[in-house]
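> Based on the provided sequences and hints, a complete structural model is requested.
Protein sequences appear in the order of chains D and S.
Note that our numbering gives residue 145 to position 143 of the first sequence, counting from 1, and the numbers run on in steps of one.
Note that our numbering gives residue 215 to position 162 of the second sequence, counting from 1, and the numbers run on in steps of one.
Please keep in mind that the hints were generated in silico from the structure rather than gathered at the bench.
Just so you know, not all the hints are guaranteed correct.
With a cut-off of at most 27 Å between alpha-carbon atoms, the simulated BS3-like pairs for lysine-lysine come out as follows [what the hints assert, rightly or not]:
(1) S:K479 x S:K442
(2) S:K442 x S:K424
(3) S:K505 x S:K328
(4) D:K25 x S:K328
(5) S:K486 x S:K505
(6) S:K424 x D:K19
(7) S:K479 x S:K328
(8) S:K328 x S:K486
(9) S:K63 x D:K18
(10) S:K505 x D:K192
(11) S:K292 x D:K192
(12) D:K168 x D:K192
(13) S:K452 x S:K479
(14) D:K30 x D:K192
(15) S:K424 x S:K90
Negatives, chain S to chain D, calculated, CB over 12 Å [said to hold, decoys possible]:
(16) S108
(17) E214
(18) S276
(19) E441
(20) E478
(21) A482
(22) G500
Note that the structure is predicted; figures quoted are calculated from it, not measured.
Think of the CB as a built atom: it goes at the ideal place given N, C-alpha and C, for glycine as much as any other residue.
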Amino acid sequence: MRIRWRTLRGSKINMKKVYLLSKVDEDKCVGDRFCENVCPTRAIRMVNKKAVVDETKCAGCLHCLDACGEGAIMVLERQAPLVLGIDTTEIDPAEIGDLCNRANLDPEERICVCMDVRAGEVAGAILQGARSPEEVSLLTGIRTSCGMWCMAPVQRLLQAHGDAKKPDKGYRWYPIETGVWDIPEEVARKYPEYRLEEDSAQFREGTLENLVSIFKAKS
Amino acid sequence: MLNAAVSPPKIMPSLMGPVLPPKRAAELPGIASLEVKELFPDIPDRIYLQGEDLSKIRTATEKALADVDMGMIKPGDSVNLLCSEHGFSILEGEAYAEMLRTIKDVVRDRTRCENIRLRFCVGGALIEAREMIPYFGLAEAFEGRVAGVGPFDRGVPIETEIGTLYGLAKVYDADWIIHAHYDDPRETYFHRLVGRSLKAFTMSYARLETRSVYHMNFGSRSSNVVPRAIFESPFVQEKFAFTCFQVTSPAGIIGVDADNDHQQLDRRLMVNTLKSYGKLLRLFAEIDECIAVLDAGRWPWYLHAGGLTSGNLLKGPTDYLDLEVGSPRKKYPSTLNPAVKALVVNHSWRELFVDLASWYPTIVTDPEIAKGLPQRVVRNAFIAESLEKAMEHAYEVGKTDKAILFDGSYGAINLTPPLGEYLLEKAPAVSRKVDGELLPMWLRQRGIDPEKAY
Numbered sequence: 003m004r005i006r007w008r009t010l011r012g013s014k015i016n017m018k019k020v021y022l023l024s025k026v027d028e029d030k031c032v033g034d035r036f037c038e039n040v041c042p043t044r045a046i047r048m049v050n051k052k053a054v055v056d057e058t059k060c061a062g063c064l065h066c067l068d069a070c071g072e073g074a075i076m077v078l079e080r081q082a083p084l085v086l087g088i089d090t091t092e093i094d095p096a097e098i099g100d101l102c103n104r105a106n107l108d109p110e111e112r113i114c115v116c117m118d119v120r121a122g123e124v125a126g127a128i129l130q131g132a133r134s135p136e137e138v139s140l141l142t143g144i145r146t147s148c149g150m151w152c153m154a155p156v157q158r159l160l161q162a163h164g165d166a167k168k169p170d171k172g173y174r175w176y177p178i179e180t181g182v183w184d185i186p187e188e189v190a191r192k193y194p195e196y197r198l199e200e201d202s203a204q205f206r207e208g209t210l211e212n213l214v215s216i217f218k219a220k221s
Numbered sequence: 054m055l056n057a058a059v060s061p062p063k064i065m066p067s068l069m070g071p072v073l074p075p076k077r078a079a080e081l082p083g084i085a086s087l088e089v090k091e092l093f094p095d096i097p098d099r100i101y102l103q104g105e106d107l108s109k110i111r112t113a114t115e116k117a118l119a120d121v122d123m124g125m126i127k128p129g130d131s132v133n134l135l136c137s138e139h140g141f142s143i144l145e146g147e148a149y150a151e152m153l154r155t156i157k158d159v160v161r162d163r164t165r166c167e168n169i170r171l172r173f174c175v176g177g178a179l180i181e182a183r184e185m186i187p188y189f190g191l192a193e194a195f196e197g198r199v200a201g202v203g204p205f206d207r208g209v210p211i212e213t214e215i216g217t218l219y220g221l222a223k224v225y226d227a228d229w230i231i232h233a234h235y236d237d238p239r240e241t242y243f244h245r246l247v248g249r250s251l252k253a254f255t256m257s258y259a260r261l262e263t264r265s266v267y268h269m270n271f272g273s274r275s276s277n278v279v280p281r282a283i284f285e286s287p288f289v290q291e292k293f294a295f296t297c298f299q300v301t302s303p304a305g306i307i308g309v310d311a312d313n314d315h316q317q318l319d320r321r322l323m324v325n326t327l328k329s330y331g332k333l334l335r336l337f338a339e340i341d342e343c344i345a346v347l348d349a350g351r352w353p354w355y356l357h358a359g360g361l362t363s364g365n366l367l368k369g370p371t372d373y374l375d376l377e378v379g380s381p382r383k384k385y386p387s388t389l390n391p392a393v394k395a396l397v398v399n400h401s402w403r404e405l406f407v408d409l410a411s412w413y414p415t416i417v418t419d420p421e422i423a424k425g426l427p428q429r430v431v432r433n434a435f436i437a438e439s440l441e442k443a444m445e446h447a448y449e450v451g452k453t454d455k456a457i458l459f460d461g462s463y464g465a466i467n468l469t470p471p472l473g474e475y476l477l478e479k480a481p482a483v484s485r486k487v488d489g490e491l492l493p494m495w496l497r498q499r500g501i502d503p504e505k506a507y
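If you want it as structure tokens, here you go:
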């Protein structure tokens, strides 16, 4: 599949404004690290066995609020919104297109349905120096909601760029290695009802519509 | 024949959605109902609708479990009874809760195992479990042995024939697991009804990365190999005891089925779903224009009308049960259904709106409801003063007087009379086509001889 990067809907930056901010109630925090493990931007770290939120990184996803069983997370409104987004016009479109091609993604393909992030934006973030899912999130806002759609394409793009490192500790994220493109032949033959060979052929041709493609935008 | 609107299932208050609406859409003057069996008399009869006698569910569960082998479970063992959030959205959820309570009682009585833990697997956030466990009295029923499990929780690697995938550690931290689920055919456009009964192994019971693999690294047909590979893995098979499903038709809950042989159960469920829901699915595809009213207590795609979820209308007229329909990538046209002329939001959980509000003219029925919806929805929506005003606006914007209410109902569809009459007119031809052409094709594509499926 060869796809040329064009524009991101004609705009320079697809901005996400973050209005919320998590704050830790130190009296309630028991240092169990649940919040640290679910934070998509690594905004939470443990200092003296208490969680501390880096305000410059908190994407307001509220995963920490959901994960904390102690009620130690408070949510505040920011004085001024934190803006997440990347100006892809400053990056060579050919490089973005090439990285997406290697990950077998269309640069304009929406890979995060919650935060409205395109593959080209993530490729741009990687080309600007992001080397981990957390760094990609900080530059694009991706992974700051459900995470159930975007995690595989984020890792595919990082892997295509040669940045396939695993998380150092905890369970912030797990590596993804499986896709229709490398299903063993014997497995495809074992389960004919799943049409693996047909979908794999479509993938190789660049015509496979994954499950998120149904949500493609009108313009 | 059209009847007065039926009372829809009540909405559970939740922080996942806005405040409860002051009025349900079914209470509006001019809303009628159409019984699903009036459309298709061969839809299987129900044993339960919301608010009815739960003892029928208990009896059906006990009967289904009677032939299930539980000999592998010893008195000192631990058992995780796995349930999923969406089951509690079906007909107010009490039937699913009763099925779970009954499974626990039967397993305890037959095995003398006391350590039976309910693992409440959420769709997106642990708050779902924190709200529903007390709402349904599950902590008392399971003597406190209840825990919510979410997609961000610690994972456990599962070696499968397609590579390493990640389940949730709390799902698998017992000697045995029981897969307790429901056959609601939501998202037929995703699972294509091939192995649908295992989908929870790649969603509810899996880490977010594995859910993303299912969504993004496969097409809609091939993605079903992911839960199958997890289920067939030695890790899961060593723990798997049996499966128990709540079985439905558009009429309501029709029974409970259980088996140690999951694949045999899957085939029974598949045949039932194709026969029970196939005609209504194709009838939805015939709708030429309508207003879709979201008025129930889950995410916008998962609200029922006549037992079918809103996603099955919003996703468009394509026959996703036809496995010859592949997954061609199309450049940018949305596949959202152009027959839906406007969305009215009276109540819905706030996430998963995705493009809906930018694709469809969207009208929110009340400023207070709007406060509980995502900004990206509200930005693109018209905020009405009341439900009545919202509907008036929707009819005007959509230039149609046909409206369907996704208000959680089974047994009947609440709608406007013009849509009811339209559906009644279309139903006979749909029925003939499904019986004579589509159902045999769907069955054959899934390796089932149509002659033996009746």
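> Against this structure, judge whether each hint is valid.
Against the structure, the hints come out as follows:
no. : hint            : result
1   : S:K479 x S:K442 : 30 Å, violated
2   : S:K442 x S:K424 : 18 Å, holds
3   : S:K505 x S:K328 : 13 Å, holds
4   : D:K25 x S:K328  : 53 Å, violated
5   : S:K486 x S:K505 : 19 Å, holds
6   : S:K424 x D:K19  : 18 Å, holds
7   : S:K479 x S:K328 : 18 Å, holds
8   : S:K328 x S:K486 : 13 Å, holds
9   : S:K63 x D:K18   : 36 Å, violated
10  : S:K505 x D:K192 : 23 Å, holds
11  : S:K292 x D:K192 : 23 Å, holds
12  : D:K168 x D:K192 : 32 Å, violated
13  : S:K452 x S:K479 : 21 Å, holds
14  : D:K30 x D:K192  : 53 Å, violated
15  : S:K424 x S:K90  : 39 Å, violated
16  : S108            : 36 Å, holds
17  : E214            : 5 Å, violated
18  : S276            : 7 Å, violated
19  : E441            : 30 Å, holds
20  : E478            : 30 Å, holds
21  : A482            : 27 Å, holds
22  : G500            : 6 Å, violated
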